[in-house]
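Each chain, letter by letter, is given below.
Number of protein chains: 2
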Amino acid sequence: MKVGIVGGTGDIGEGMALRISQVHEVILGSREEERACASSDACHLALDEKGLPCTCSGDSNQDAVDRAGVVILAVPFQHLAPTLASLAGFEGKVVVSPVNPMVRKDFFFFAPPPEGSAAQLVRRLLPGKAAVCTAFNNIAAGSWKALDAPFTHSVAVCGDDTAAKAVVMELVGSIPRLAGFDAGPLGVSPMVEAITPLLLNIAKYQKMRDVGIRFS
Amino acid sequence: MKVGIVGGTGDIGEGMALRISQVHEVILGSREEERACASSDACHLALDEKGLPCTCSGDSNQDAVDRAGVVILAVPFQHLAPTLASLAGFEGKVVVSPVNPMVRKDFFFFAPPPEGSAAQLVRRLLPGKAAVCTAFNNIAAGSWKALDAPFTHSVAVCGDDTAAKAVVMELVGSIPRLAGFDAGPLGVSPMVEAITPLLLNIAKYQKMRDVGIRFS
Numbered sequence: 001m002k003v004g005i006v007g008g009t010g011d012i013g014e015g016m017a018l019r020i021s022q023v024h025e026v027i028l029g030s031r032e033e034e035r036a037c038a039s040s041d042a043c044h045l046a047l048d049e050k051g052l053p054c055t056c057s058g059d060s061n062q063d064a065v066d067r068a069g070v071v072i073l074a075v076p077f078q079h080l081a082p083t084l085a086s087l088a089g090f091e092g093k094v095v096v097s098p099v100n101p102m103v104r105k106d107f108f109f110f111a112p113p114p115e116g117s118a119a120q121l122v123r124r125l126l127p128g129k130a131a132v133c134t135a136f137n138n139i140a141a142g143s144w145k146a147l148d149a150p151f152t153h154s155v156a157v158c159g160d161d162t163a164a165k166a167v168v169m170e171l172v173g174s175i176p177r178l179a180g181f182d183a184g185p186l187g188v189s190p191m192v193e194a195i196t197p198l199l200l201n202i203a204k205y206q207k208m209r210d211v212g213i214r215f216s
Numbered sequence: 001m002k003v004g005i006v007g008g009t010g011d012i013g014e015g016m017a018l019r020i021s022q023v024h025e026v027i028l029g030s031r032e033e034e035r036a037c038a039s040s041d042a043c044h045l046a047l048d049e050k051g052l053p054c055t056c057s058g059d060s061n062q063d064a065v066d067r068a069g070v071v072i073l074a075v076p077f078q079h080l081a082p083t084l085a086s087l088a089g090f091e092g093k094v095v096v097s098p099v100n101p102m103v104r105k106d107f108f109f110f111a112p113p114p115e116g117s118a119a120q121l122v123r124r125l126l127p128g129k130a131a132v133c134t135a136f137n138n139i140a141a142g143s144w145k146a147l148d149a150p151f152t153h154s155v156a157v158c159g160d161d162t163a164a165k166a167v168v169m170e171l172v173g174s175i176p177r178l179a180g181f182d183a184g185p186l187g188v189s190p191m192v193e194a195i196t197p198l199l200l201n202i203a204k205y206q207k208m209r210d211v212g213i214r215f216s
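Same order as they appear, the protein sequences are chains A and B.
Just so we're aligned, residue 1 is where the first sequence starts under this note's numbering, counting upward by one.
Just so we're aligned, residue 1 is where the second sequence starts under this note's numbering, counting upward by one.
In case anyone wonders, no lab produced these hints; they're calculated from the structure.
For every residue, glycine included, the Cβ atom is placed at its ideal position computed from N, Cα and C.
Among these hints, one or two may not hold up.
[To be verified] Covered by chain A, according to a simulated footprint, are these stretches of chain B (three or more residues, beta-carbon under 8 Å):
(1) 64-73
(2) 122-132
(3) 174-185
[What the hints assert, rightly or not] Some chain A residues well away from chain B (every beta-carbon gap over 10 Å; in silico):
(4) Glu34
(5) Ala81
(6) Thr83
Same shape as in the complex, but just chain A:
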């Protein structure tokens, strides 16, 4: 599987590259290809040190879309629409949104766009032929990056395209200790995205770090 990470130089994107590039070919994208290459080099270094395989390469966001079959949009919600507007060629791609629209005031709360969720916004903004799924919404950047810490998470996967969802479930299941759960159509995505501000609140009030979730 070729996995493109748009926004791969952000915290979440870098973390995802560390885990996914051990298993799949990862094209780590950025608006600036130089920064993508620097993040890719850091990924190689971190995994080499542990004797782990790494297939990461740095490229532009557009090339991350063009070269991959599965494109993960690892950008903060506020950058989602402008990022998508700057890119093309999503036709036939499986697009994964791990994006969570949220706001922090006294506490964190879910602040979805009128479409209902970030994933539903992505579906509206992309041409009809991109198959949009949610996945990885509830895993903190710190968890992705802490290669020596336990990384046992459940991942709710939503999407309307059965074949695309099967690809995403396979991607999730290929990462050690992640378990994918089919949560239904993309209409379920608001409930998946809303978990993340809840986890941030639990981290804040319960004094924890990088809180994750498991279904059983």
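Model the placement of chain B on the given structure of chain A, informed by the hints.
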């Protein structure tokens, strides 16, 4: 701790009584005291059979409020407002809402009232002196009732009253294998309640039963 369960003859209420009455004095309430007594008798029978203690008694919903320090509103969302309108005497009580407003169409989705959540509706409907918390929202009735099955759940607790939240956290922690997580003020409750329709979707699409969650 004296725990009143309003709506104690429903599936969730009966299940809660089975677990909580092993640890605390439970007043299982119903609109019809006779039905409450029948449910209480069934609770005694089920626990006696296993050699487990049971302190449950059946009573009217109003008596369940009057006799308890902690009142759990174990009613479906659509019955919440009429039930509260029929009861009085909540002043000084710790009121726990495990209620999740949701609708099923093709899938389950979160359908909150204008207040934002069921718990926030409860706060609006009750006199100022009741301290409202959420807890137990994400545990299925089947899990409460299956006394021989694993019952390991995380329970997100929200509330604005620190002392009341401490009581609810103590109640949660007193039930074997439940872990309470302080999720912040009552404003966080929409994110807690929204998890339940997600769990029902996962159960449906992933072909599971009584899906629960754990935070870690």
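Hint numbers the structure violates, sorted upward?
-> 1 and 2
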